[in-house]
Amino acid sequence: MSKLTKKDVEHVASLAKLSISDKELEKYLKQLDEIVNYIGELNEVDTESTEPTSQTTGLENIFRPDELKPQQSLSDEEALAGTEETHNGYFKVEAVLTERTDK
Amino acid sequence: MNLPLTIKETQAGLKEKKFKAAEIVREYLERIKKHDKGINAFLTISEEQAFEAAAKVDRLLENSGEDAFNQYPLLGVTVAYKDLFLTKGIRTTAGSKVLESFVPAYSATVVERLQKAGCILVGKTNCDAWAHGASGENSDFGPTKNPWQPEFVPGGSSSGSAAAIAANFSLIACGTDTGGSVRQPANFCGVVGLKPTYGVVSRYGIIAMASSLDSVGHFARTVEDARRIFEITKGEDGYDGTLVNPKAKMQNSKLKIGIPKEYFIEGLDKEVEESILNAMEVFRKEGIEIVEVSLPHTKYAISVYYIVQPAEVSSNLGRYDGVRYGNDRNSFGAEAKRRIMLGTYVLSAGYYDAYYLKAMKVRSKIIQDFEQAFEEVDAILAPVSPTPPFKLGEKADNPLQMYLADILTVAGNLAGIPGLAIPSGFTKNGLPLGFQLLGPRFSEETLFSLGKNSKFLYLWASQLLSQLAINIMNFLLLVRIFTITGSTIAASLLWVSYALPAILIGPIAAASVDMVAKRRMLMITNLLQSLAILGYALAHTERFFLLFGIAFAYSFLNQFYVPAEQASLPGVVPKNLLPQANSLFFLTQQSALIVGFGVAGVLNKFLGFEYSLYLVSLFLLLAFISVSFLPELRTRERLPESFEKGVVKFFSRIVEGYKFIKENRNILAPFLLLMAIQIAAAVVVVNVPVLAVNIFKISINSGGLLIVVPAGIGAIIGATAVSKLLRGGLRKKKIIETSLFLISLAILLLVFITPEVSGWVRILFGALMVMAIGASFVGVMIPSQTFLQEATPGGMRGRVFGNYWFLVTLATIVPVIFSATLTELFGIQFLFVILSGLFFSGFVVSKKYGQKFITAAKP
Numbered sequence: 001m002s003k004l005t006k007k008d009v010e011h012v013a014s015l016a017k018l019s020i021s022d023k024e025l026e027k028y029l030k031q032l033d034e035i036v037n038y039i040g041e042l043n044e045v046d047t048e049s050t051e052p053t054s055q056t057t058g059l060e061n062i063f064r065p066d067e068l069k070p071q072q073s074l075s076d077e078e079a080l081a082g083t084e085e086t087h088n089g090y091f092k093v094e095a096v097l098t099e100r101t102d103k
Numbered sequence: 001m002n003l004p005l006t007i008k009e010t011q012a013g014l015k016e017k018k019f020k021a022a023e024i025v026r027e028y029l030e031r032i033k034k035h036d037k038g039i040n041a042f043l044t045i046s047e048e049q050a051f052e053a054a055a056k057v058d059r060l061l062e063n064s065g066e067d068a069f070n071q072y073p074l075l076g077v078t079v080a081y082k083d084l085f086l087t088k089g090i091r092t093t094a095g096s097k098v099l100e101s102f103v104p105a106y107s108a109t110v111v112e113r114l115q116k117a118g119c120i121l122v123g124k125t126n127c128d129a130w131a132h133g134a135s136g137e138n139s140d141f142g143p144t145k146n147p148w149q150p151e152f153v154p155g156g157s158s159s160g161s162a163a164a165i166a167a168n169f170s171l172i173a174c175g176t177d178t179g180g181s182v183r184q185p186a187n188f189c190g191v192v193g194l195k196p197t198y199g200v201v202s203r204y205g206i207i208a209m210a211s212s213l214d215s216v217g218h219f220a221r222t223v224e225d226a227r228r229i230f231e232i233t234k235g236e237d238g239y240d241g242t243l244v245n246p247k248a249k250m251q252n253s254k255l256k257i258g259i260p261k262e263y264f265i266e267g268l269d270k271e272v273e274e275s276i277l278n279a280m281e282v283f284r285k286e287g288i289e290i291v292e293v294s295l296p297h298t299k300y301a302i303s304v305y306y307i308v309q310p311a312e313v314s315s316n317l318g319r320y321d322g323v324r325y326g327n328d329r330n331s332f333g334a335e336a337k338r339r340i341m342l343g344t345y346v347l348s349a350g351y352y353d354a355y356y357l358k359a360m361k362v363r364s365k366i367i368q369d370f371e372q373a374f375e376e377v378d379a380i381l382a383p384v385s386p387t388p389p390f391k392l393g394e395k396a397d398n399p400l401q402m403y404l405a406d407i408l409t410v411a412g413n414l415a416g417i418p419g420l421a422i423p424s425g426f427t428k429n430g431l432p433l434g435f436q437l438l439g440p441r442f443s444e445e446t447l448f449s450l451g452k453n454s455k456f457l458y459l460w461a462s463q464l465l466s467q468l469a470i471n472i473m474n475f476l477l478l479v480r481i482f483t484i485t486g487s488t489i490a491a492s493l494l495w496v497s498y499a500l501p502a503i504l505i506g507p508i509a510a511a512s513v514d515m516v517a518k519r520r521m522l523m524i525t526n527l528l529q530s531l532a533i534l535g536y537a538l539a540h541t542e543r544f545f546l547l548f549g550i551a552f553a554y555s556f557l558n559q560f561y562v563p564a565e566q567a568s569l570p571g572v573v574p575k576n577l578l579p580q581a582n583s584l585f586f587l588t589q590q591s592a593l594i595v596g597f598g599v600a601g602v603l604n605k606f607l608g609f610e611y612s613l614y615l616v617s618l619f620l621l622l623a624f625i626s627v628s629f630l631p632e633l634r635t636r637e638r639l640p641e642s643f644e645k646g647v648v649k650f651f652s653r654i655v656e657g658y659k660f661i662k663e664n665r666n667i668l669a670p671f672l673l674l675m676a677i678q679i680a681a682a683v684v685v686v687n688v689p690v691l692a693v694n695i696f697k698i699s700i701n702s703g704g705l706l707i708v709v710p711a712g713i714g715a716i717i718g719a720t721a722v723s724k725l726l727r728g729g730l731r732k733k734k735i736i737e738t739s740l741f742l743i744s745l746a747i748l749l750l751v752f753i754t755p756e757v758s759g760w761v762r763i764l765f766g767a768l769m770v771m772a773i774g775a776s777f778v779g780v781m782i783p784s785q786t787f788l789q790e791a792t793p794g795g796m797r798g799r800v801f802g803n804y805w806f807l808v809t810l811a812t813i814v815p816v817i818f819s820a821t822l823t824e825l826f827g828i829q830f831l832f833v834i835l836s837g838l839f840f841s842g843f844v845v846s847k848k849y850g851q852k853f854i855t856a857a858k859p
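If you read the protein sequences in the order shown, they are chains A and B.
At position 41 of the first sequence the residue is numbered 41 (the numbering used here), and the sequence of numbers has no breaks.
At position 585 of the second sequence the residue is numbered 585 (the numbering used here), and the sequence of numbers has no breaks.
These are computed hints drawn from the structure, not numbers from a lab.
Just so it is clear, the structure is predicted and the values come from calculations on it, not from any experiment.
It is possible that part of the hints are untrue.
Below are the DSBU-like pairs computed for lysine-lysine, each with C-alpha atoms no more than 30 angstroms apart in a straight line [unchecked claim]: (1) B:K97 <-> A:K17; (2) B:K8 <-> B:K659; (3) A:K3 <-> B:K395.
Using the sequences provided together with the hints, build the complete structure.
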């Protein structure tokens with residue numbers, strides 16, 4: 001298995017929206033590399049004819065009627081209780097889109 | 001105040017108004033305030049809510065009395081939740097700074113259900129942040145310490161929940177087990193930890209770690225308590241789509257346990273290994289078959305787990321953006337970041353097939369291993385962690401080393417099967433040891449019943465040792481007295497020395513059994529008996545009367561031991577196994593009689609009187625040690641305020657016992673039967689010398705070998721057969737009646753046919769008849785005893801059984817003397833005709849009226 005590089009760690013950090021310092025990068029590179037090498041041992045196992053398992057319940061497609069149950073829903077106030085950044089009963093977020101600069 | 005240690009104790013105390021719910025809550029909170037600074041088990045204490053809930057419990061009890069317990073099965077039980085469980089209005093942090101001030105708007109299903117069952121929430125417990133860790137050190141709010149020794153870790157990730165139970169900060173606690181996070185801290189803290197089958201307890205409202213692995217588990221001090229919590233939390237809730245209502249599985253009557261050879265890995269601590277081997281022996285001696293099984297893919301479990309789990313973690317922690325609640329992603333601690341990155345890596349383009357898909361395939365192999373193993377065995381016994389608790393900081397800098405601490409627990413999560421961690425003792429450094437039982441999916445009940453049995457064994461070991469001791473001593477004293485005096489009257493006085501304490505203090509001793517913890521009673525009596533005999537042997541005394549004295553002292557203490565042992569049995573054995581347990585105890589008594597009498601002669605000859613007594617003393621010391629492993633079996637009652645009150649209480653309890661027996665016909669019948677059979681046995685035993693000389697026509701000395709031993713063997717055969725028949729579904733009443741009939745027949749055949757045949761056929765026939773009588777006696781005793789135990793409520797058992805032994809001893813004196821006189825005057829055949837007639841009328845009465853007694857309404 002290929003050795004982990006600094007670029008790999010930076011890449012996954014950005015995918016996971018984590019900001020890490022250079023010092024952290026060094027530390028995580030060493031630790032993650034060690035772990036990735038260890039888990040590489042799975043290559044020894046012959047899984048040619050084995051189906052993957054993603055869950056153990058054996059259940060499939062559990063449906064329920066799509067009904068609104070007010071007593072089981074949160075009120076606006078309750079839903080918004082976790083933040084102070086609200087506006088007219090909505091969550092306030094940073095702008096996602098910026099103006100085009102190439103125009 | 002002494003806090004109750006189990007749900008049963010708690011509810012009994014509330015019922016009997018020994019304490020109020022508010023008082024328990026105050027005591028727990030005081031303990032937390034006083035001791036938690038050094039342990040750090042709690043992140044939030046919900047004092048106000050706890051007192052409110054307690055007040056509600058107290059009001060309920062006042063208004064509806066004992067009915068409240070039917071409606072609220074866990075009424076008055078204090079609970080602490082790992083801080084991953086959403087609790088409406090109470091801060092929930094997941095042990096992370098990201099959620100340091102998050103207050104949920106709703107509660108998890110488990111929290112709701114336990115609240116509805118009457119539980120009182122005392123607080124939220126510390127844990128590794130987001131449940132990432134095996135030591136509790138990854139909490140963003142500081143590590144939890146092991147209450148047994150604070151420089152050691154309590155295990156993780158449910159560190160605070162396990163520590164809270166070990167430190168007695170709450171009666172029960174809940175946690176989550178994604179890769180061992182309930183079982184491993186339970187193991188490190190010396191408490192019981194249940195990880196149910198995946199998809200049986202709702203994950204709704206519990207902060208997700210790895211959704212295909214997360215199971216919601218429970219901590220308690222006993223397996224029974226874990227079972228009671230699980231009864232409430234299991235089953236569909238309409239929110240968690242992975243839930244099913246587990247169907248009760250029929251349990252195999254003969255259980256088989258597998259030992260997976262792959263779990264005895266290199267680096268497995270020696271003391272851990274030994275404790276597993278000891279547990280294995282415990283189960284083996286209980287008649288559970290132990291076989292080796294193979295789970296060949298075990299070594300890959302940790303790699304599969306550290307791919308699947310971080311992958312799911314990276315997805316589940318993706319939602320924490322700091323917009324709707326909580327702080328932003330910069331607040332994640334080092335371990336969370338590590339797992340998010342690892343998970344993102346194994347899921348990212350180019351690596352998915354090599355890591356994630358591969359891991360899912362090897363997961364299938366691990367599941368197949370378990371499926372194959374469970375075709376052969378009912379459960380698997382394995383260590384929980386390769387080492388006992390390690391020191392804080394020991395593995396903190398090496399994530400891979402920390403991950404390897406999960407090596408023996410993760411496979412259970414990957415397969416979605418249930419596991420039960422049970423404490424079994426301590427290392428020589430005083431750190432907890434234990435084991436886990438793993439079973440196929442939905443086999444929780446099997447695990448519970450196995451888990452409970454291991455306690456039963458300590459009681460049995462004590463019985464075996466003390467029975468051996470008493471029989472060896474009986475014989476030693478008898479021989480000694482006989483050699484000194486040569487008088488049968490002196491020998492019969494020995495019998496009086498044994499009987500006197502039963503009559504004088506039997507009732508008081510029996511009454512006191514219900515007042516103090518039974519375990520302590522068993523321990524003290526075993527120890528004192530051991531010391532008394534040791535003291536006597538050390539004194540090198542030639543004083544003749546001291547021989548009677550030691551018999552008196554021994555019997556005196558036995559007045560406390562026997563009712564405590566009898567009353568303890570239903571507490572450590574599941575109800576459906578009670579008949580088997582009774583059979584085993586009876587069998588032990590009989591084999592100890594045979595072995596004891598046989599061995600005592602040899603010992604006396606080769607070791608001499610004194611050294612034999614040392615051995616007897618040693619046996620009792622071992623019995624003392626084995627009962628010390630039993631759980632606390634009874635609410636501790638406050639001591640009576642004054643001596644007068646105490647005495648009055650003693651006697652009023654005896655009266656209560658008598659009244660209870662008198663008023664309950666369904667108890668009276670088996671009670672009288674048991675007494676009658678004991679008296680009959682005593683009468684037969686007294687006549688053994690006459691039987692030997694007149695019927696068998698052999699010397700008195702050979703009587704022991706040819707009459708007592710066959711009777712004992714018959715009893716063993718009877719005990720085995722009765723237990724088999726009961727398990728096979730035969731009714732107790734039927735067995736009793738058949739046995740009564742057989743006794744009346746065998747007694748007649750014994751005294752009339754035996755003397756008529758000649759040579760060795762006579763002895764053989766006589767021995768066979770004696771054997772049949774022995775077996776049939778058991779056929780009456782075991783079912784009656786089971787009837788009696790079943791029909792007597794827990795708080796009354798000590799009193800009822802105490803009364804039984806008292807009455808038996810008292811009632812035996814006259815018949816024994818009377819029967820000896822009858823034999824003297826009219827011959828043994830006359831006596832046995834009368835006996836046979838009595839048994840036959842017992843048979844007729846039971847046939848005609850027995851059903852009435854059984855169906856008599858309970859109070």
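**Earlier hints that do not hold, by number** = none
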